[in-house]
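Asker: Just so you know, the sequences run in chain order H and U.
Every letter in the first sequence is one number past the one before it in our numbering, and letter 130, counting from 1, is 130.
Every letter in the second sequence is one number past the one before it in our numbering, and letter 204, counting from 1, is 204.
Hints are supplied without guarantee of correctness; some may be wrong.
Pair by pair, the computed Cβ-Cβ distance ranges are [claimed, not checked]: (1) H:V123 - U:I37: 43 to 51 Å; (2) U:F300 - H:V123: 51 to 59 Å; (3) H:I236 - U:D25: 28 to 36 Å; (4) H:K128 - U:Q32: 48 to 56 Å; (5) U:D25 - H:K128: 27 to 35 Å; (6) H:Q23 - U:T257: 29 to 37 Å; (7) U:L87 - H:K9: 49 to 57 Å; (8) U:K131 - H:V250: 48 to 56 Å.
Hints were generated in silico from the structure; no laboratory data involved.
Backbone N, C-alpha and C define an ideal beta-carbon position, used for all residues, glycine too.
Number of protein chains: 2
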Amino acid sequence: MHSFQELSKIFEDKFNIQHFPAQPDTLYNAAQYILGIGGKRIRPVMCLMGNELVNDINPDTYHVATAIELFHNFTLIHDDIMDKAPLRRGMETVHAKFGEATALLAGDVMLVYAYENINKIKVDHLQKVLKLFNKTATQVCEGQQLDMDFAQRSFGDKEGSVSFDAYLNMIVLKTSVALAASLQVGAMLGGSGEGNQHHLYEFGKNLGIAFQVQDDYLDAFGDPDKFGKQTGGDIISNKKTFLLIHTLEVASVAQRTSLTKLFENDNPDKVEKVLQIYKDCHVDQWANKLKEKYLQNALFHLEEIAVLSARKKPMEELSEYLINREK
Amino acid sequence: MHSFQELSKIFEDKFNIQHFPAQPDTLYNAAQYILGIGGKRIRPVMCLMGNELVNDINPDTYHVATAIELFHNFTLIHDDIMDKAPLRRGMETVHAKFGEATALLAGDVMLVYAYENINKIKVDHLQKVLKLFNKTATQVCEGQQLDMDFAQRSFGDKEGSVSFDAYLNMIVLKTSVALAASLQVGAMLGGSGEGNQHHLYEFGKNLGIAFQVQDDYLDAFGDPDKFGKQTGGDIISNKKTFLLIHTLEVASVAQRTSLTKLFENDNPDKVEKVLQIYKDCHVDQWANKLKEKYLQNALFHLEEIAVLSARKKPMEELSEYLINREK
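Please take these sequences and the hints and turn them into a complete structure.
Answerer: Now the structure itself:
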């Protein structure tokens, strides 16, 4: 058994190869480029952890972990096109560097390569792995569409605003299910029964929600010295977050009017004033409680998994790392 | 056994359903839209024909034929974004109607649904079907990239121009392999041996080349009354075709200079003058010979397939239809 850090190292060594043919280089250089700009490889490592929760690592799990990371990078390339983002991890996005048409195609071919990596596994698990992978890929696309739909809605009036439940559903689809499925497919390949797979999936899904709440919290209330970048980025870019969605649900008419005005104009004191409304609505305390709720949900499902508790230690460390991080 | 027309009807009846969930409708309406604007369904019908060449139709073949048509529509949505095309079959393209971001995502989710349809087949054929599907999908992406690369090259000087061999390779990747693989996968599911599969693939590949030559020929030299639209569209849009590539290879320096000027400006007599150079270079006769060569290659491989010749009749009819059509 290995820690998250050890598995990261093992995966990175295997993943750090040329994944594509040499030609046409106009296509494959663009695809390989994004794989080279780093990333925490959280999803493939969770896949390996899911396997190790129940058994020694099945060599097939590396193929599926690779597919998961390729799929993730496919979504990054296409999301960046849709969001017209110029930078990712401080580097030019694929479409900024290679043009939109090539970026689109590089994403497409990366998705096909994800499936080809899945197709390397032994046939006994193939159908189940594909079923979970397809379900999850579909949900991630749906989540991205809902995110774009929500971004277009104004929140001036209560009717037009996005409810907490709708927002949560979007986050689950866009973010959490990929973490959940990465864990589950690893356990599947490790030979886990369906009951354990179910609890592991729910652990990952709830952990994913708590992770996203912490992400939103840090962006607003993080310690700039520890956070590594200026806080308030989500407010500046008018991004809908757990904090904003909740504030709009509990705010007074006056506060809602102020928020609407603040988000419609780019005043120099926008961040400061929005944060003040967040604080007046106690959204910082609410966010911590929300995070704690989903963390407890996650740990409940981890508890239910019928393996020796020593095997669960890396999962507990992962939860700790993802949820209590300050950056 | 059925004719191409009968199989078209059978497939259309099966395919004419709602392929996606109801929500989020902002995503799935865009995906379903393109499936409703028609199309000849050539690839899935070729898949069914490949099966019937060797055996009664395996129910799994319908799933794979559906996957093939979904894959084809995925490429149409994304190609139209890359080409910034406003219309397809006289209707608004998906991105023109629903926006680029949604169109991109509708293409993505359609590709995932293609794989999910493949995943409905019995497991014995799954790995081989996926392998062929992935290889072909990759080649289609490569062909599209090469097509875009070629479109950016000037042809003023011999060095910058695209050679016939490079152009042919692009056409094979972008167009022919999908036809070839559709036939092969049908035969595979019908239980054909590898030798027959190989010849059927080569039949489809060569037929695809001949088909493309005829396409280019008709656009330049077709009878406008029969062609159904004005000829010269490829010339107006500066599209590289078999005719243009060959002309540039055989033209005199003076003819090459004229062509370069004609393609750099949009004179009202551009089509007429380009066609005159084509005729001076005897490119019409050359194109007919080229088409005949690939048709003969195709028929040679059809001949080599070890099944009763009566079974090959629909394939012969298909060749006739695709190659001697006047529109």
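Asker: Going through the earlier hints one by one, which of them does the structure break, listed in rising order?
Answerer: Violated hints: 1, 2, 4; rest satisfied.
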